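2 protein chains.
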Amino acid sequence: MCAPLVIDTVRRGLSRRGFVGTIGACATAGLMPAAAQRGPVRLPNGFRDVVDLTHPFSPSLPVYPGYKPVEIRPRFTIARDGFADNELTFDEHTGTHLDAPSHFVSGLVSADRIPVDRLIAPLVVISLTDRAAKDADTLVSVEDLRQWEKRHGRVPAGAFVAMHSGWDARAVSTDRFLNRDSNGTMHAPGFSEQAARFLVGERDISGIGVDTLSLDAGAAQTFVAHLAILGAGKYGVELLANLGVVPPSGATIIIGAPKHVGATGGPARVLALV
Amino acid sequence: MCAPLVIDTVRRGLSRRGFVGTIGACATAGLMPAAAQRGPVRLPNGFRDVVDLTHPFSPSLPVYPGYKPVEIRPRFTIARDGFADNELTFDEHTGTHLDAPSHFVSGLVSADRIPVDRLIAPLVVISLTDRAAKDADTLVSVEDLRQWEKRHGRVPAGAFVAMHSGWDARAVSTDRFLNRDSNGTMHAPGFSEQAARFLVGERDISGIGVDTLSLDAGAAQTFVAHLAILGAGKYGVELLANLGVVPPSGATIIIGAPKHVGATGGPARVLALV
Chain A
0 MCAPLVIDTV RRGLSRRGFV GTIGACATAG LMPAAAQRGP VRLPNGFRDV VDLTHPFSPS
60 LPVYPGYKPV EIRPRFTIAR DGFADNELTF DEHTGTHLDA PSHFVSGLVS ADRIPVDRLI
120 APLVVISLTD RAAKDADTLV SVEDLRQWEK RHGRVPAGAF VAMHSGWDAR AVSTDRFLNR
180 DSNGTMHAPG FSEQAARFLV GERDISGIGV DTLSLDAGAA QTFVAHLAIL GAGKYGVELL
240 ANLGVVPPSG ATIIIGAPKH VGATGGPARV LALV
Chain B
0 MCAPLVIDTV RRGLSRRGFV GTIGACATAG LMPAAAQRGP VRLPNGFRDV VDLTHPFSPS
60 LPVYPGYKPV EIRPRFTIAR DGFADNELTF DEHTGTHLDA PSHFVSGLVS ADRIPVDRLI
120 APLVVISLTD RAAKDADTLV SVEDLRQWEK RHGRVPAGAF VAMHSGWDAR AVSTDRFLNR
180 DSNGTMHAPG FSEQAARFLV GERDISGIGV DTLSLDAGAA QTFVAHLAIL GAGKYGVELL
240 ANLGVVPPSG ATIIIGAPKH VGATGGPARV LALV
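From first to last, the protein sequence lines stand for chains A and B. With numbering that gives the first Met the number 0, letter number 261 in the first sequence gets 260, and the count goes up by one each step, no holes. With numbering that gives the first Met the number 0, letter number 127 in the second sequence gets 126, and the count goes up by one each step, no holes.
Next comes chain A alone, as it looks inside the complex:
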């Protein structure tokens, strides 16, 4: 019952501390001994809160068409072996995951080789939930970026720019997430080619992210946003969660990028420090 509860808590707009408390309650209910429930831990260097931007990675989490859902198979069990271990199989581009430049452009950097100081970035959140609720094909535009800058100042050096469309609330249903029309065309928001080109050409970003399955809109015929971002040596993160409970400016994102050799991407634990 925890996932819907957390989503509901987020949507009711409770405080971040309340939200994190809810996650903690879900995580520990009846499971962790008292010693592990001490806290909250004092975060370092003036940070007040941490928010998990990662979906639980499960066989029921939506995947982009063509990829297979994760398989989780027990290989060792405590009852039989004294310890437990699962074997996992998945495509790199499933779950809350990173797209490396090498996902689309031969010869560009793979996920394991992205410089580590690019994995810790000022978080810029562009929220278009109201628009997306009425128009699933809406795009992050250059005007959206300029509006954000009017309120919060110039996009900081090394920033990670995330689109919050509200799509994470649909993750309980693959049909609702893919949002196909009668012709089979998907409809979900994404970055416009112009916005992607503006960010790599006119600003110094580390990467961009979305709470949908693709940096590009669902109905896009070609991967224009992917190519603009990855082609410039930047990275993407798809299927982000909980962007609604981080501020539009001032948080720091930490991307636990995969480090298997030659990774074109892969599931990543993504946290925000507030």
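The set of hints was computed from the structure by calculation and includes no laboratory data. Careful: at least some of the hints might be erroneous.
Put simply, identical chains are the same to the list, so a pair is met inside one copy or across any two.
[What the hints assert, rightly or not] Calculated lysine to any residue pairs in the SDA-like style (CA-CA distance at most 20 Å, straight line):
no.: 1; residue 1: 67; residue 2: 88
no.: 2; residue 1: 67; residue 2: 86
no.: 3; residue 1: 67; residue 2: 79
no.: 4; residue 1: 67; residue 2: 82
no.: 5; residue 1: 67; residue 2: 80
no.: 6; residue 1: 133; residue 2: 106
no.: 7; residue 1: 67; residue 2: 81
no.: 8; residue 1: 67; residue 2: 77
no.: 9; residue 1: 149; residue 2: 126
no.: 10; residue 1: 133; residue 2: 168
Everything numeric in this text was worked out from a predicted model, so none of it was measured.
We have chain A already, so just place chain B on it with the hints.
Okay, now just chain B, sitting in the frame of chain A:
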């Protein structure tokens, strides 16, 4: 040529900034376009540096006996499909990875449900490289922890306590890493049962870590340190890298714990902010 160079750099004790620069040079040489090489990025909230505590995850990285090395199989290629994707298969307890309480104790918390504020922790490094070079069976003792506290003050609330034995320099060879004797017994340092019990009973830690394959010594007959730590609802991290270039006190560790449902553990991207 980068991995041995980095290891050599670490062992010569160059500055952290120099070390991170070396990693950056390896990562980007000839691969990333100019735009991605800007930097270094300014880290948030007074942090000066970031160090990668994660080994590259590859089929040649040593694994604990019984587990299989990671398999990385291309499923889509840019030449044929316009984009690249690999399918991965691995045991959870391979690579630089987390051990959840549920790895050894039924009913305790799985990796995906560890409260997120426990994944960002004050980093305590107990270095015993000199001792380990002479005696591969040496253990982190309660006395080692008390000596650390004499110099740096009490282990901070929520700390992650890491053993730095120098074993990461052996990662280029499974034989050297496992360090078996003529009877097949492995020899590598680990936490003593007393030290593990002291940390969970007398201090408020989040978890412990090692640069070897096991929280327990290689020659241990039973998993006493595992059971003390995981049984108390704390987590472990094994196969850490580069602990020699973070200070013994004052850094912050960030553990990109796996989030697949029911995880008994799994590969984790582990970073230190200095």
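Hint by hint, here is what the structure shows:
1. With identical chains, the CA atoms of residue 67 and residue 88 are at most 20 Å apart both within one copy (9 Å) and between copies (13 Å).
2. Taking the closest pair of Cα atoms, residue 67 and residue 86 come within 20 Å of each other both inside a single copy (16 Å) and across two copies (9 Å).
3. Taking the closest pair of Cα atoms, residue 67 and residue 79 come within 20 Å of each other only across two copies (19 Å); inside a single copy the shortest separation is 30 Å, beyond that limit.
4. For the identical chains of this complex, residue 67 and residue 82 are inter-copy neighbours only, at 16 Å across copies versus 28 Å inside a copy, given an alpha-carbon limit of 20 Å.
5. Proximity of residue 67 to residue 80 under the C-alpha cut-off of 20 Å is restricted to the inter-copy arrangement: shortest distance 16 Å between copies versus 30 Å within a copy.
6. For the homomeric pair residue 133 and residue 106, neither the shortest alpha-carbon distance inside one copy (40 Å) nor that between copies (44 Å) is at most 20 Å.
7. With identical chains, the CA atoms of residue 67 and residue 81 are at most 20 Å apart between copies only, with a shortest distance of 18 Å across copies and 31 Å within one.
8. When the C-alpha separation of residue 67 and residue 77 is checked against a cutoff of 20 Å, the pair qualifies only between copies, where the shortest distance is 19 Å, while the shortest distance within a copy is 29 Å.
9. In this homomeric assembly, residue 149 and residue 126 come within 20 Å of each other (Cα to Cα) only inside a single copy, at 14 Å, whereas the closest approach across copies is 50 Å.
10. Taking identical chains as interchangeable, the C-alpha atoms of residue 133 and residue 168 lie at most 20 Å apart only when both belong to the same chain, with a minimum of 15 Å there against 56 Å between chains.
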